[in-house]
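K.L.:
Sequences are here, hints too, so could you generate the full structure?
There are 2 protein chains.
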Amino acid sequence: MYSIGIDLGGTNIVASVVDDKYNIIATSKTPTSAPRTADEIFDDIAMVSQEAVQKAGLTMADIDSVGMGTPGTVNSEGIIEFANNLGFNNVPAKHMLTERLGIERVFIENDANCAALGEAYAGVGNGAKDFVAVTLGTGVGSGIIVDGKIVNGVNFAGGECGHMVIVVDGEQCSCGRKGCWEAYASATALIRQTKMAMEEYPDSYMHQIAEAEGKVSGRTAFDAMRKGDIAGIKVVDQYIKYVACGLINLVNALQPEIICIGGGICNEGETLMKPLRRFVQAERYSIHSKIQTKIVKAELGNDAGVIGAAILGSVKE
Amino acid sequence: MYSIGIDLGGTNIVASVVDDKYNIIATSKTPTSAPRTADEIFDDIAMVSQEAVQKAGLTMADIDSVGMGTPGTVNSEGIIEFANNLGFNNVPAKHMLTERLGIERVFIENDANCAALGEAYAGVGNGAKDFVAVTLGTGVGSGIIVDGKIVNGVNFAGGECGHMVIVVDGEQCSCGRKGCWEAYASATALIRQTKMAMEEYPDSYMHQIAEAEGKVSGRTAFDAMRKGDIAGIKVVDQYIKYVACGLINLVNALQPEIICIGGGICNEGETLMKPLRRFVQAERYSIHSKIQTKIVKAELGNDAGVIGAAILGSVKE
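Chains as they are written, first to last, in this note's numbering: chain A, 1 to 317; chain B, 318 to 634.
One or more of the hints may lead you astray.
Said to hold, decoys possible - Heads up, incomplete: computed chain A residues facing chain B, CB under 7 Å, no partners named:
{"#": "1", "residue": "G148"}
{"#": "2", "residue": "V151"}
{"#": "3", "residue": "C161"}
{"#": "4", "residue": "M164"}
{"#": "5", "residue": "V168"}
{"#": "6", "residue": "Q172"}
{"#": "7", "residue": "E257"}
{"#": "8", "residue": "H288"}
If you are wondering where the hints come from, they were derived from the structure by calculation, not from laboratory data.
Beta carbons: idealized from backbone N, C-alpha and C, even for Gly.
P.N.:
Quick look at the structure:
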């Protein structure tokens, strides 16, 4: 059998047909063009879903279930309670998809949780039952899998590990709290840390890199570090320490089999992963245990979301 | 049917017969007298277990399963891999109990996890499936229940939420890391914070309280606060903020139905719980959700451990 995985994003709607071995058979997409009414957006979701099924050479009769990842909070009835960047308030997503696609088995879930599920089952997790996915992007996103299932919590708002405070009274976070992991370990935070170091070190090579690129990015300090620039090395060392701090917190609390790290910063590859593993190894509470959490780079990229959404039907029931 | 719950502590071995409604029918106990050989200790564990069964007016044939909570790390084969205060290294606890009691269904688990299970099923949790128990004692202990089961993680060392860093490069923790929640929110930390404030405020009422009691305790600052002592108020306010910080981290990551707080500091009751709830309410990420984590005081006290141990047989299989 096949399922449809949908990633409803702020920019694009992507639908893929996925087989029972987690392979993407066919994909179709269209711009989200938010803000629009939920009805308009769901008409387009149904359209790309049907297109993907056609491209796969299948009909709706071959589809066992439909899963969709969306920004925001989704409750147990498949209602999107609140999704700021889509302008959604209490949108009955499950009902609207069932109606449009004629399929009963429809599952709606937060997009970060779908991505975690995709990596856990079909990506670097290789079926790991206890798994955490962390994304170092504009913010720090995360999804927690325990015993093969997404940890939604009592109000379906679980898994917000980016908003664990690692510095009481620290940097202001976008969520209103001070000192969240996100305020130290996101790409946004790294850029802020890079700019501060550039002010402090006017001779740093980071200035030349930023000028050549036309901006300070999440790569600026890493590139300078590779040239042996002292200020660049300092920024990267401190940033990695902040990322590691949150990872060790997760290890101590949950001891997952695998923590996978995704997002743009991950393109640094082993430059990032090696020192992270060293920190976690040295500082975890379970220092005497033979078995330890593996820290690995995410491997599915943007496909994690649609694959995870397609899997929802098999893990949620 | 009945089960036996055992709490193997550094000081005492307690065994209780528990019925299927989580009532304790009879209890027997004996000093642990560690360090002794594992064989000697397990002979006593078997003895108190049999005594409790006799006191209950039952025989071993009435016992469906035996559960034991122990300090340290227990693996899936029921082997206590490491328990520092008992001097245990790779002690095959499940096997040794089965042999001595003639019962096949024996389950061994970390003691903090047993206490969490007891409160979740038989105590203040009232059957909550997503539950965290936090103990503010000498250290900060915790146990996490997700979907009705203990979160052990890949190496059975999960649930060490006291060792989540809340202040990068902060106070030295006994675990080797700096800035752990335990180093700010334990009774030990509160006593340290109280002593520091007493040095800073030589006229504080805390000096009189400590002199009358013969020592600085976890109550000193709370008692001074109740008398309107400025330094006492400052210590308590800051301490509650630290406790709340870790609680909010747990809420954001797991959104459990209930977080229950136990340990000596909890005797402060609503003096502690009310401001904690206010902090959590104001700072949680899920501020828009209608359903929110309840913050409550533990109610089973020392019984949580034996009841949780007795329940192991019904949740682990």
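K.L.:
Close enough to count: is the Cβ of A:Q172 nearer than 7 Å to one in chain B?
P.N.:
violated, 13 Å
K.L.:
Once the shortest beta carbon distance from A:V151 to chain B is found, is it less than 7 Å?
P.N.:
A:V151 check passes; min Cβ-Cβ to chain B is 6 Å, inside 7 Å.
K.L.:
Double-check A:M164 for me: the hint is only fine if its C-beta lies closer than 7 Å to a C-beta in chain B.
P.N.:
With a closest approach of 4 Å, the A:M164 hint holds.
K.L.:
Less than 7 Å between beta-carbons is the criterion; does A:H288 satisfy it with respect to chain B?
P.N.:
Holds. Min distance 5 Å.
K.L.:
Does the CB of A:E257 sit less than 7 Å away from some CB of chain B?
P.N.:
holds, 4 Å
K.L.:
Given a cut of 7 Å on the nearest C-beta pair, is the interface hint for A:G148 held or broken against chain B?
P.N.:
The hint is violated - A:G148 has no Cβ within 7 Å of chain B, the shortest such distance being about 10 Å.
K.L.:
Should the hint that A:C161 touches chain B count as held when the rule is a Cβ pair under 7 Å?
P.N.:
Since chain B brings a Cβ to about 5 Å from A:C161, closer than 7 Å, the hint holds.
K.L.:
Hint validation: A:V168 versus chain B, beta carbon distance must be below 7 Å. Holds or violated?
P.N.:
holds, 5 Å
When held up to the earlier numbered hints, the structure conflicts with 1, 6 and fits the remainder.
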